[in-house]
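Enquirer: Each chain, written out:
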Amino acid sequence: MDNDEPLIAALADDLDASFEALVLAHQDRLYSIALRMLGDPRDAEEAAQDGLVRAYRALLGYDAARIRELRLRPWLATIVLNLCRSRLSRRPPPARTALSLDLALPGELEPRVADDRGPAAITATRDAARDWAELLLTLPPAYRSAVVLRHVDGLSYPELAIALDRPEGTVKAQVHRGLALLRTAFEASQRHEREEMTA
Amino acid sequence: MTTDDRTMEAALGRLGVAAPRSLAPGVLAEVGLADRYARFDSPLGPLVVAWNGLGVSAVEAAPDDATFEANHMARTGRAAHPVERVPDRLAAAIARRLDGDRRVRIDLDLRGHSDFERDVWQKALQIPRGEVRPYGWVAAEIGRPKAVRAVGTALGHNPVPLIVPCHRVVRSDGTIGQYSLGGPGNKRTILEAEGLDVPEMERLAASGVRFIGSDTTKILCLPTCRHARRVTDGHRLEFRSMAEGQMRGYRPCLICRPASAAIAA
Chain A
1 MDNDEPLIAA LADDLDASFE ALVLAHQDRL YSIALRMLGD PRDAEEAAQD
51 GLVRAYRALL GYDAARIREL RLRPWLATIV LNLCRSRLSR RPPPARTALS
101 LDLALPGELE PRVADDRGPA AITATRDAAR DWAELLLTLP PAYRSAVVLR
151 HVDGLSYPEL AIALDRPEGT VKAQVHRGLA LLRTAFEASQ RHEREEMTA
Chain B
1 MTTDDRTMEA ALGRLGVAAP RSLAPGVLAE VGLADRYARF DSPLGPLVVA
51 WNGLGVSAVE AAPDDATFEA NHMARTGRAA HPVERVPDRL AAAIARRLDG
101 DRRVRIDLDL RGHSDFERDV WQKALQIPRG EVRPYGWVAA EIGRPKAVRA
151 VGTALGHNPV PLIVPCHRVV RSDGTIGQYS LGGPGNKRTI LEAEGLDVPE
201 MERLAASGVR FIGSDTTKIL CLPTCRHARR VTDGHRLEFR SMAEGQMRGY
251 RPCLICRPAS AAIAA
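Chains as they are written, first to last, in the working numbering: chain A, 1 to 199; chain B, 1 to 265.
Just so you know, these hints were derived from the structure itself, not from any lab.
All of these numbers come straight from a predicted model, not from anything done at the bench.
Careful, some of the hints might be misleading.
Here are some chain B residues pointing at chain A (derived, C-beta under 8 Å) [unchecked claim]: (1) E9; (2) G16; (3) A18; (4) V27.
All residues carry an ideal CB built from backbone N, CA and C; glycine is no exception.
Please construct the entire structure, taking both the sequences and the accompanying hints into account.
Expert: Listed below in structure tokens is the structure:
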């Protein structure tokens, strides 16, 4: 999946014959980006689908030379990310905001068994994934998108700079700041959990 | 309790998930690289309709899914995926079109077909419900008066019968002619369902009558034109040719334009 060169060559050669390969190669990552940006699976599927449809229509208008120059991974990420942003901006303001991380915590966090390495480990991992996904959704969208593209999708910093259309230094700072916010949110959730258990 | 960056990054790295199975087919159908299909009820019984993001691509009386999918692949080169039912908007539009509402918009995906075929189908769309026109009329109307046989072939290749009413085109001698959606029997059924008096049309044709005139308006029509059908028996004249009518001072109807049928006849 990391090497899109054969795919890009095929797209430049015959878009209709190779577009399905693009969909199959990129649908999981684009859906994951959308899901981690939006939180809702149905919304995420719509955004990912819409993004791939837009990609096809854009490619229809590109000549072969332009397609060959495409950086497919960041290009597709940008399309889906823009759709996620416009979906987020249409939503009513969330009940919990990033400005009050310490006060308003994700409500669905389940007690984590910190030292459990036994039979419940798989369940714990799944719970942990859900917790991290919840925490990600508390980040302001600008930081959330940087963290999602870098650490969920695995884009490199040069790719991230293309996807977000910012200098590499800026996107690095956004990722670091996003991670710091995430750590704060995580620690606050842990504190909250302990308080609940001793209450 | 704290967490280091590496733990956090590893946790985030596990947040990738597989896309739902419906995503890829949805994308391919939307851009027109694959189709969806479902069954709908018609005066001819249940039919299959296929569509994609560009429009309706097929109407067919396939006995089963496998047959339809194979036919569709052979005809378009595209896969067709079954869905439970036709989307409400499309179903409503098809119902209105079958009901005779020619203004209702139904986008069609006619890629891969010639301009000539599209012209023929476009012309067929202009024939009102309950009326018919000869193949030659279509040929003359699209500016290809000699291409009567090619018009018949194009109508036979109509991928979206009923939606494009190729059943409203009949032979120049007034007999009902071929029909791609299950043969002449079905053509008769659908024309009768649309309110056409088929036996009367055939009776006139068999007796050589090609045009109907009104001695009050002195207007000459094709026999199934709604204006011809309005003429009362006392004022109704039957003509075997345009020339016969014109000799007696009749002018052609502006609605059914019988001259187009006369050129080709």
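Enquirer: Hint by hint, say whether it matches the structure.
Expert: Against the structure, the hints:
About 5 Å separates the beta-carbon of B:E9 from the nearest beta-carbon of chain A, less than 8 Å, and the hint is met. With 8 Å as the threshold, the beta carbon of B:G16 comes within range of chain A, its nearest partner Cβ sitting at about 4 Å, so the hint holds. The restraint placing B:A18 at the interface with chain A holds, with a minimum CB-CB distance near 5 Å, inside the 8 Å limit. For B:V27, the suggested interface contact is upheld, since its CB lies about 4 Å from the closest CB of chain A, less than 8 Å.
Comparing the model with each earlier hint shows no violations; every hint is respected.
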